[in-house]
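Residue numbers (our numbering), protein chains in the order written: chain A, 255 to 499; chain B, 67 to 289; chain C, 114 to 355.
Hints listed in this document are in silico derivations from the structure and should not be mistaken for laboratory results.
Where is the CB? At the ideal position from N, CA and C, for every residue including glycine.
Check the hints yourself; a few may be wrong.
Incomplete in silico selection of chain A near chain B, CB under 10 Å [claimed, not checked]: (1) E324; (2) S388; (3) L389; (4) Y408; (5) L444; (6) L446.
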Amino acid sequence: MNYHWNWGIFLQQVQSGDETYLDWLISGLGWTVSVALAAWVIALVLGSLIGTLRTVPNRWLVLLATTHVELFRNVPLLVQLLLWFFVVPEFLPRDLSLWVKQDMPAKEFVTAVICLGLFTSARVAEQVRAGIQSLSRGQKMAGLAIGFTLPQTYRYVILPMAFRIIIPPLTSEFMNIIKNSSVAFAIGVLELTFQARQMQEDSEQGIETYLAVTLLYFIVAFAANRGMALIERRTRVPGYIGGAK
Amino acid sequence: MSFFTQFDFSVIAPSLPFLWEGLKFTAKLTLIAMSGGIFLGTLLALARLSSITPLAMAATWYVNLMRSIPLLMVILWFFLVIPIFTGKPMGAETSAIITFTAFEAAYFSEIMRAGIQSVPRGQVFAGQAIGMTYWQTMSYVVLPQAFRNMLPILLTQTIILFQDTSLVYAIGAKDLLKAAEIAGKNYGRPLEMYVFVALVYFVVCFALSNLVKHLQSRTAIVR
Amino acid sequence: MIKIDNISKWYGQFRVLTDCSTQITKGEVVVVCGPSGSGKSTLIKCVNGLEPFQQGDIIVNNISIGDPKTNLPQLRAHVGMVFQHFELFPHMTITQNLTIGQVKVLGRSNNEAHQRALQLLDRVGLNSQADKFPGQLSGGQQQRVAIARALAMDPICMLFDEPTSALDPEMINEVLDVMVGLANEGMTMMVVSHEMGFARKVADRVIFMDNGSIVEDAGTEEFFGTPRSERAQLFLSKILSH
Numbered sequence: 255m256n257y258h259w260n261w262g263i264f265l266q267q268v269q270s271g272d273e274t275y276l277d278w279l280i281s282g283l284g285w286t287v288s289v290a291l292a293a294w295v296i297a298l299v300l301g302s303l304i305g306t307l308r309t310v311p312n313r314w315l316v317l318l319a320t321t322h323v324e325l326f327r328n329v330p331l332l333v334q335l336l337l338w339f340f341v342v343p344e345f346l347p348r349d350l351s352l353w354v355k356q357d358m359p360a361k362e363f364v365t366a367v368i369c370l371g372l373f374t375s376a377r378v379a380e381q382v383r384a385g386i387q388s389l390s391r392g393q394k395m396a397g398l399a400i401g402f403t404l405p406q407t408y409r410y411v412i413l414p415m416a417f418r419i420i421i422p423p424l425t426s427e428f429m430n431i432i433k434n435s436s437v438a439f440a441i442g443v444l445e446l447t448f449q450a451r452q453m454q455e456d457s458e459q460g461i462e463t464y465l466a467v468t469l470l471y472f473i474v475a476f477a478a479n480r481g482m483a484l485i486e487r488r489t490r491v492p493g494y495i496g497g498a499k
Numbered sequence: 067m068s069f070f071t072q073f074d075f076s077v078i079a080p081s082l083p084f085l086w087e088g089l090k091f092t093a094k095l096t097l098i099a100m101s102g103g104i105f106l107g108t109l110l111a112l113a114r115l116s117s118i119t120p121l122a123m124a125a126t127w128y129v130n131l132m133r134s135i136p137l138l139m140v141i142l143w144f145f146l147v148i149p150i151f152t153g154k155p156m157g158a159e160t161s162a163i164i165t166f167t168a169f170e171a172a173y174f175s176e177i178m179r180a181g182i183q184s185v186p187r188g189q190v191f192a193g194q195a196i197g198m199t200y201w202q203t204m205s206y207v208v209l210p211q212a213f214r215n216m217l218p219i220l221l222t223q224t225i226i227l228f229q230d231t232s233l234v235y236a237i238g239a240k241d242l243l244k245a246a247e248i249a250g251k252n253y254g255r256p257l258e259m260y261v262f263v264a265l266v267y268f269v270v271c272f273a274l275s276n277l278v279k280h281l282q283s284r285t286a287i288v289r
Numbered sequence: 114m115i116k117i118d119n120i121s122k123w124y125g126q127f128r129v130l131t132d133c134s135t136q137i138t139k140g141e142v143v144v145v146c147g148p149s150g151s152g153k154s155t156l157i158k159c160v161n162g163l164e165p166f167q168q169g170d171i172i173v174n175n176i177s178i179g180d181p182k183t184n185l186p187q188l189r190a191h192v193g194m195v196f197q198h199f200e201l202f203p204h205m206t207i208t209q210n211l212t213i214g215q216v217k218v219l220g221r222s223n224n225e226a227h228q229r230a231l232q233l234l235d236r237v238g239l240n241s242q243a244d245k246f247p248g249q250l251s252g253g254q255q256q257r258v259a260i261a262r263a264l265a266m267d268p269i270c271m272l273f274d275e276p277t278s279a280l281d282p283e284m285i286n287e288v289l290d291v292m293v294g295l296a297n298e299g300m301t302m303m304v305v306s307h308e309m310g311f312a313r314k315v316a317d318r319v320i321f322m323d324n325g326s327i328v329e330d331a332g333t334e335e336f337f338g339t340p341r342s343e344r345a346q347l348f349l350s351k352i353l354s355h
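All chains, please: the whole structure from these sequences, using the hints.
Structure below.
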């Protein structure tokens with residue numbers, strides 16, 4: 255193996271400006287976290303709604319929610335991203351289409367967030383549905399029996415328990431969304447993977463670059479994992495063991 | 067403005083042979099990474115469950131490492147590092163096949179580990195009681211049951227793998243997506259191509275996931 | 114109070130209830146028994162509309178359950194129900210279990226609901242458990258809380274769906290004691306149960322169901338004296354023999 259190591263590379267200036275490579279990576283990390291968090295908000299809100307709709311006693315709502323899940327689950331994320339970026343603007347009304355293509359601020363960022371949010375919402379929806387269905391039917395009946403309407407039964411009885419049950423799989427989805435945000439490089443979001451490629455080409459110190467970036471991903475994933483574990487501890491119900499019944 | 071007046075889908079037909087080549091690579095990559103991944107993944111799972119501590123630790127580390135970094139980074143890593151080690155350049159396609167096999171092994175190993183643990187311990191004792199060695203017990207008694215129990219999940223992971231192969235785009239390997247992009251550029255109609263490949267991916271994945279559902283409902287009755 | 118009028122119910126092709134009719138007047142205690150799968154749990158869940166039915170109607174307090182225009186939540190708020198598996202809300206404390214319905218459905222103030230909850234916990238002997246979670250209580254205690262939760266809504270009648278059949282034997286009596294107390298106070302009660310001792314003590318009538326039909330509907334003394342149908346005789350001999 256013939257490789258010239260240079261660990262000082264991170265503090266050196268980039269070829270084309272007065273930033274250091276470390277500056278690139280830190281700004282990349284910022285974009286990665288921003289994309290992931292913003293998309294997570296969409297995924298959580300929309301996924302909860304869709305997952306809930308899949309369990310209600312109305313065929314049309316169930317069909318609508320199922321269609322959403324199948325659509326966003328069965329096309330690769332990268333292909334979805336390219337569709338959102340290149341194809342969707344063509345479908346918009348003329349003025350809006352022009353605005354999106356020419357003037358929309360942070361176009362790449364917004365596109366990546368919407369795409370990743372919708373993609374993950376389908377997966378969150380499946381977890382929410384599984385959580386709801388793991389509860390006994392009696393819980394729903396008990397809610398209805400004291401006079402709650404169906405929405406109230408979901409709000410006060412079913413969803414609070416369902417969400418507690420699915421915190422572990424939601425934790426993996428949260429970590430997935432951080433990892434999946436790397437796909438945003440394909441439309442030019444300056445996130446960590448984009449910066450890694452750029453720094454590797456610019457500095458020709460590929461191994462140091464990738465090691466540093468891998469370490470950064472590791473740290474973010476670890477922090478996300480600890481954060482979710484904290485939420486899990488905080489919401490734990492005393493005396494309650496396991497999921498079903 | 068309507069989709070069909072603005073979009074020109076007549077470019078699809080002449081580019082089909084070209085797209086077919088791309089799809090063939092996507093399928094090849096999926097199948098090799100699936101079989102190689104399940105094979106290596108099973109070995110990793112056995113290593114994690116073994117009583118030889120260093121072996122179990124090494125396997126655990128490998129699996130956790132692979133699972134905590136983006137696949138895209140792993141693709142870039144292998145593409146960069148393998149030539150440095152071997153000293154000669156390597157094609158994107160070969161690099162992709164190695165990367166996906168190594169990466170998927172980590173995910174398949176978690177599934178196989180759960181599968182092995184789903185087989186009651188009594189089965190191991192029963193195998194040993196009739197004089198089988200460790201490897202005999204594993205290959206004739208435990209693994210077949212683990213494999214059958216986990217078949218739907220293994221297939222679901224394969225569907226995810228099939229979708230993820232599109233990421234070889236990053237190193238320029240000619241899969242279905244890359245082929246569509248090239249064809250789109252040649253005809254000057256990239257958008258139609260994106261829509262078309264999205265449709266192809268959807269049809270394949272939707273059909274496969276319904277197959278999985280069917281399998282699940284059938285095994286649910288048997289067990 | 115409760116009038117069940119020719120109820121029939123199907124699950125797809127399978128008929129689970131066949132032309133069931135009976136009446137429960139104010140202050141009456143009626144015990145419904147029968148072998149498992151006879152449809153008794155399904156029937157009692159039809160009374161407050163938790164299970165839909167396809168034929169006939171049920172009138173509770175002059176309101177039709179089968180009428181699609183009926184505001185079922187409003188009606189259920191005044192019909193207490195106790196379940197086989199308690200169905201307390203596991204993520205809420207005992208007090209919250211008792212107050213949530215009062216506040217969100219009846220619109221009582223937090224303070225008022227809290228007072229009422231403590232009063233009822235006192236009544237079922239569980240004052241000291243007010244701030245615990247359901248998972249920290251024994252089965253018998255949970256079922257008493259569930260009764261208190263239903264009472265907190267000031268119901269006009271109470272439905273019990275096998276309230277003791279998920280309990281360990283030593284806990285059955287603490288729950289039955291509470292139910293006997295309620296009966297003696299004149300609460301209108303429909304109780305699906307195999308507790309024949311309880312039925313003898315407080316029931317005005319006993320209904321025996323088999324195969325989705327009401328086979329026997331008689332005064333308590335008459336039922337335990339000389340049941341008319343052979344099936345009821347067989348059933349009684351089986352569960353009274355030990």
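Consistency of the hints with the structure:
Interface hint status for E324(A): upheld, as the beta-carbon distance to the closest one in chain B is roughly 6 Å, under 10 Å. Annotation: S388(A) was flagged as interfacial toward chain B, and the flag is violated, the nearest CB pair being 16 Å apart, outside 10 Å. A distance limit of 10 Å between C-beta atoms decides the matter here; for L389(A) the minimum to chain B is near 20 Å, and the interface restraint is violated. Because the beta carbon of Y408(A) sits about 26 Å from the nearest beta carbon in chain B, more than 10 Å, this interface hint is broken.
Because the closest C-beta pair between L444(A) and chain B is about 15 Å apart, greater than 10 Å, the hint is violated. For L446(A), the interface hint holds, the least distance from its beta-carbon to any beta-carbon of chain B being 8 Å, beneath 10 Å.
Violated hints, listed in ascending order, are 2, 3, 4, 5; each of the other numbered hints is respected by the structure.
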